[in-house]
Amino acid sequence: MPRSTPATSAEGNEIMSQTNKYRAHPPAPGMAYMSAELKQTIDLTESTVTDDFDERSWDMVVSLGLSRQLTTGKTLIELAGEGHDDIVVCTADLGRPTQVIDFGKAYPERYFNFGIAERNMIGAAAGLATMGLTPVISNYSFFLALMGVENIRNDICYTHLPVKMVGTHSGIAMGFYGTSHHCCEDIGALRAIPNLILMAPCDGTALTSALRSQIKHPAPIYFRAGRGREAVVYDSPFDFRIGGSNTLREGRHATVLAIGNLVKASLDAHDILAREGIGLTVVDMYSIRPIDREPIRAAARRGPIISAEEANVTGGFGAAVAEVIVDEGLGVRLTKVGMPDAYSVLGPPTHLYRHYGLDGEGVAAAVRKALDAARPTA
Amino acid sequence: MVKDKARLIRRETVRLTDICGSGHYGSAFSMAEIVAVLYYQLLHVDPGRPKWADRDRFTMGKGHAAIGLFPVLADQGFFPEAWLDSYSRMGSPLGDHPEMKKTPGIDFSSGSIGHNLSVSVGMALGARLNKSPARAVCLMGDGEQNEGQIWEAAMAASHYRLDNLVGIVDINGAGSDGVAQETLRSEPLKDKWQAFGWNVVVLEDGHDIDQTFDALNRALNAPNGKPTCVLAYTVAGKGVSFMEGTWQWHLGFLGPKDIARAYAEIDAGDIG
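Chains A and B are the protein sequences, given in the same order.
Okay, so the first sequence: first residue is 1 according to my numbering, each after it adds one.
Okay, so the second sequence: first residue is 379 according to my numbering, each after it adds one.
The following block holds chain A by itself, in its conformation from the complex:
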């Protein structure tokens, strides 16, 4: 039972603003808000914020400069420079926030901004693919995957065209911009589409690795990325394999299978639990579909499994793990950490991650609970 009844909205969501408990929570590393120190590290060439502004002031350029993990544009410029002259980039008035605008500056004739017309963009990308080109779509996930799901299904996947999609700002990364801008249903929607490969690079290095490894893959791929402010997990590029995964920590008591932002949160949980003598295995399960079954089998031999994602646990990555456990009769308990099957509340992203247990403490708590439940009762 909760210690006190929280204030709720008409929909039953807890109203966060009436509590003080989230106010003092400092930003998590890598998900930081603006500071003068950070601002100094950003390219302000196009910014209107000049030296005579208050040091806390910011404009779009400053804000976008924080999304350093969105490496799509930079990587595609490199690939084009290495001879991939078939790459074309499509966006829908989100070239700046998704950071592909730099590709447009470098290769203006290969950069198509279709305006706020996402479904047309998806169809045009399919048409470009039929002409032998390699289209890369970069757009917010909630417009690309949710508004465009039928176009993705009919124009790109049914036709099996080599279009690469980078859906950014997935999950609740948009924070107080509101529930309309949260995208927790994309995995469930996309995971049910035949021919579509669905993968989740968890930071900028992973996104670069994903594009480098798979740009020539002859089938459609959707890369589910974050807002670009994610904490860094990888310090060097790796082979981002279809059906692959990376085991980042090995511990003997329980296993967290994580994607996206929850990879870093799970690494934090590993450190927290290590201090308590609990050994946690952490796997970055970046290939959601097809999923890497081996780490799930190995985890089942080890102990409880915890899936962790910034998405609706209904139909999401946790559900994909559950399918493998049941299909293979692994007979192990699965705890799904993720967004509940309800519309998310709004708030600053770091507060939301804490509220929904999508940070290190949240994952650690889920692991402890899973271990308690698995322990035989006296």
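Watch out, some of these pointers could steer you wrong.
Unchecked claim - Listed next, the in silico DSSO-like pairs over lysine-lysine satisfying Cα-Cα at most 27 angstroms (straight line): (1) K480/B to K216/A; (2) K509/B to K216/A; (3) K479/B to K216/A; (4) K216/A to K74/A; (5) K604/B to K568/B; (6) K509/B to K429/B; (7) K604/B to K105/A; (8) K635/B to K105/A; (9) K429/B to K216/A.
Since the hints were derived computationally from the structure, they do not count as laboratory data.
Mind docking chain B on chain A? Use the hints.
Quick look at chain B alone, frame taken from chain A:
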């Protein structure tokens, strides 16, 4: 000759519908002259090389009329005529809507109304990028003009100055629920397409071969930095008296006695 090919489209539409027990007569009949003129007089395609990079691309926004295109592709040699006999049967490449992965000569799959003008925008952009003379032609329905995505594509096409793109609207007046303009008015289409930055060619009688050739030929060769839309006024069910001008034959089936009547009218008819 082209007249005979339009007749072939109508005859085969009746025959293939008889195989599956249901078919889109009205839409196939209304586009018969347009498709015949395109495939026998204007489009640069090569049945021996269906994947020829520089071929003109033809997509059907009104994919439900594919039954009228298949006989043309078979007649031209894109695939064996025997395939037509498999129409709609289990595992056949040929069904109510065209499938690019199964049927040589089909440049894009369709079925979901409103998608293929966007696809054609991509094809036209790609042709330009590849320095290919290929042109992209998209045949739409008038009911399809209700789809918002059409106008997204229309904006993109004029923005990118795609004069290698041609849209054709087969304005046969019929939709699934009734008269298209009564269900949701899309007229005045000429004003709309012009306002979206396109050249507009009004084809007053889309069943007159000479007029149709003239309109489509002009549209395919209009290098003025604008895409061109041909507003083709046609008659749903054209060629069979009891179907003409009706919405009721958007979808239907004819029993043996009525098939004979339809064949007789199609054979005796002198459309074009």
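Query raised in the report: Any hints this thing doesn't respect? Which numbers, in order?
Result: The structure conflicts with hint 8 only, although it agrees with all the remaining ones.
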